[in-house]
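Model the placement of chain D on the given structure of chain F, informed by the hints.
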Amino acid sequence: MTHVHPEMHERRILGTELLWAFGVGIFIASTLSLVIFTALTVGMNPPSNVERIDPKTLHLSGEFAEQNLGTTVEADGTVTARVIATQFMFVPRCIAVPQGRRVTLRFASPDVIHGLLVTGTNVNTMVVPGYVSQVHTEFQKTGDLLMPCHEYCGLGHSEMWAVVQVIPESEMKPDAEGRVSCAQR
Amino acid sequence: MALHPDPTSAAADPHEVADEVNEEALAVVMQTVPLGAGVVAGTAVAILVLGYLLIYLLVFVPRGVVG
Numbered sequence: 000m001t002h003v004h005p006e007m008h009e010r011r012i013l014g015t016e017l018l019w020a021f022g023v024g025i026f027i028a029s030t031l032s033l034v035i036f037t038a039l040t041v042g043m044n045p046p047s048n049v050e051r052i053d054p055k056t057l058h059l060s061g062e063f064a065e066q067n068l069g070t071t072v073e074a075d076g077t078v079t080a081r082v083i084a085t086q087f088m089f090v091p092r093c094i095a096v097p098q099g100r101r102v103t104l105r106f107a108s109p110d111v112i113h114g115l116l117v118t119g120t121n122v123n124t125m126v127v128p129g130y131v132s133q134v135h136t137e138f139q140k141t142g143d144l145l146m147p148c149h150e151y152c153g154l155g156h157s158e159m160w161a162v163v164q165v166i167p168e169s170e171m172k173p174d175a176e177g178r179v180s181c182a183q184r
Numbered sequence: 000m001a002l003h004p005d006p007t008s009a010a011a012d013p014h015e016v017a018d019e020v021n022e023e024a025l026a027v028v029m030q031t032v033p034l035g036a037g038v039v040a041g042t043a044v045a046i047l048v049l050g051y052l053l054i055y056l057l058v059f060v061p062r063g064v065v066g
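Chains as they are written, first to last, in numbering that gives the first Met the number 0: chain F, 0 to 184; chain D, 0 to 66.
Bound-form chain F, shown alone (with noise of 0.2 Å):
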């Protein structure tokens, strides 16, 4: 058996250490750098819109009174998604939208904080009474998304869900007013 002295000992140990505490330096470093980077080169940042709303009347007039809501395609071509998160559900509760095309999303809620994403996609924004949440985003591909609640609003939360129904290109047609509707099934 080798004889160690105790002091050597304590040394091994804390070289052991501090070659973990290195190592895991570098991991944490290079994470943080490389989301750093991302932001930086394409602009991979979390949805950071700051915009205020009466959350008391937003419903009776203004960008989320009832005729308003759903998809609009405004006069130069942009796509605009103004939806309500309320307990418990989304109003409308099916957005249409078009593939391969940058949308923009709006949401507002009346009560309680809510929350959503939309699966397969970046989309993922929480709702927060008095403040407008936007985010934008380009669907890849064609077919119906589910757009679930993800932030406990209350009893129904479970059953608060919408649908994005992403729909080719050449099927949107919008009407006089530039809205556009989930084509019914």
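In short, the hints are calculated from the structure, not lab data. Glycine residues also receive a C-beta, built at the ideal position from the N, C-alpha and C atoms. Watch out, some of these pointers could steer you wrong.
As the list claims (entries may be wrong) - Sample of chain F residues facing chain D (criterion: CB under 7 Å; computed from the structure):
#	residue
1	Ile12
2	Thr15
3	Ile25
4	Phe26
5	Pro45
6	Asn121
7	Val134
Said to hold, decoys possible - Cβ pair distances, simulated, as ranges:
#	chain 1	residue 1	chain 2	residue 2	range
8	D	Ala24	F	Ser32	41 to 51 Å
9	F	Ser47	D	Gly37	39 to 49 Å
10	F	Val23	D	Leu25	19 to 29 Å
Showing chain D alone in chain F's frame:
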């Protein structure tokens, strides 16, 4: 009914008493044990970080910017 006496304590039982530690033998063991623990923990963390990176680069980034 006869009362049972309290069971005798097993604390002094040779099986329950910790072995005396030979500090020198411990030092020898500890020379290699931290390395093994480091390899196991390092592999586990490396797999975790690799999984994160793969999901970040192959799933999250291709889905595009939403902000």
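Here is what the structure says about each hint:
1. Hint status for Ile12 (chain F) relative to chain D: holds, with the closest Cβ pair at about 6 Å, below 7 Å.
2. The interface hint given for Thr15 (chain F) is met, as the beta carbon of that residue sits about 4 Å from the closest beta carbon of chain D, less than 7 Å.
3. Because the beta carbon of Ile25 (chain F) sits about 10 Å from the nearest beta carbon in chain D, more than 7 Å, this interface hint is broken.
4. A distance limit of 7 Å between C-beta atoms decides the matter here; for Phe26 (chain F) the minimum to chain D is near 5 Å, and the interface restraint holds.
5. With a least beta-carbon distance of about 6 Å to chain D, the hint placing Pro45 (chain F) at the interface is held under the 7 Å criterion.
6. This hint holds: Asn121 (chain F) has a C-beta 4 Å from the nearest C-beta of chain D, less than the 7 Å allowed.
7. Nearest Cβ of chain D to the Cβ of Val134 (chain F): about 4 Å, under the 7 Å cut. The hint holds.
8. Between Ala24 (chain D) and Ser32 (chain F) the Cβ separation comes to about 45 Å, which falls inside the hinted range of 41 to 51 Å.
9. Against the hinted window of 39 to 49 Å, the Cβ-Cβ separation of Ser47 (chain F) and Gly37 (chain D) comes to about 40 Å, which satisfies the hint.
10. Against the hinted window of 19 to 29 Å, the Cβ-Cβ separation of Val23 (chain F) and Leu25 (chain D) comes to about 27 Å, which satisfies the hint.
In the structure shown, a violation is registered for the earlier hint numbered 3 alone.
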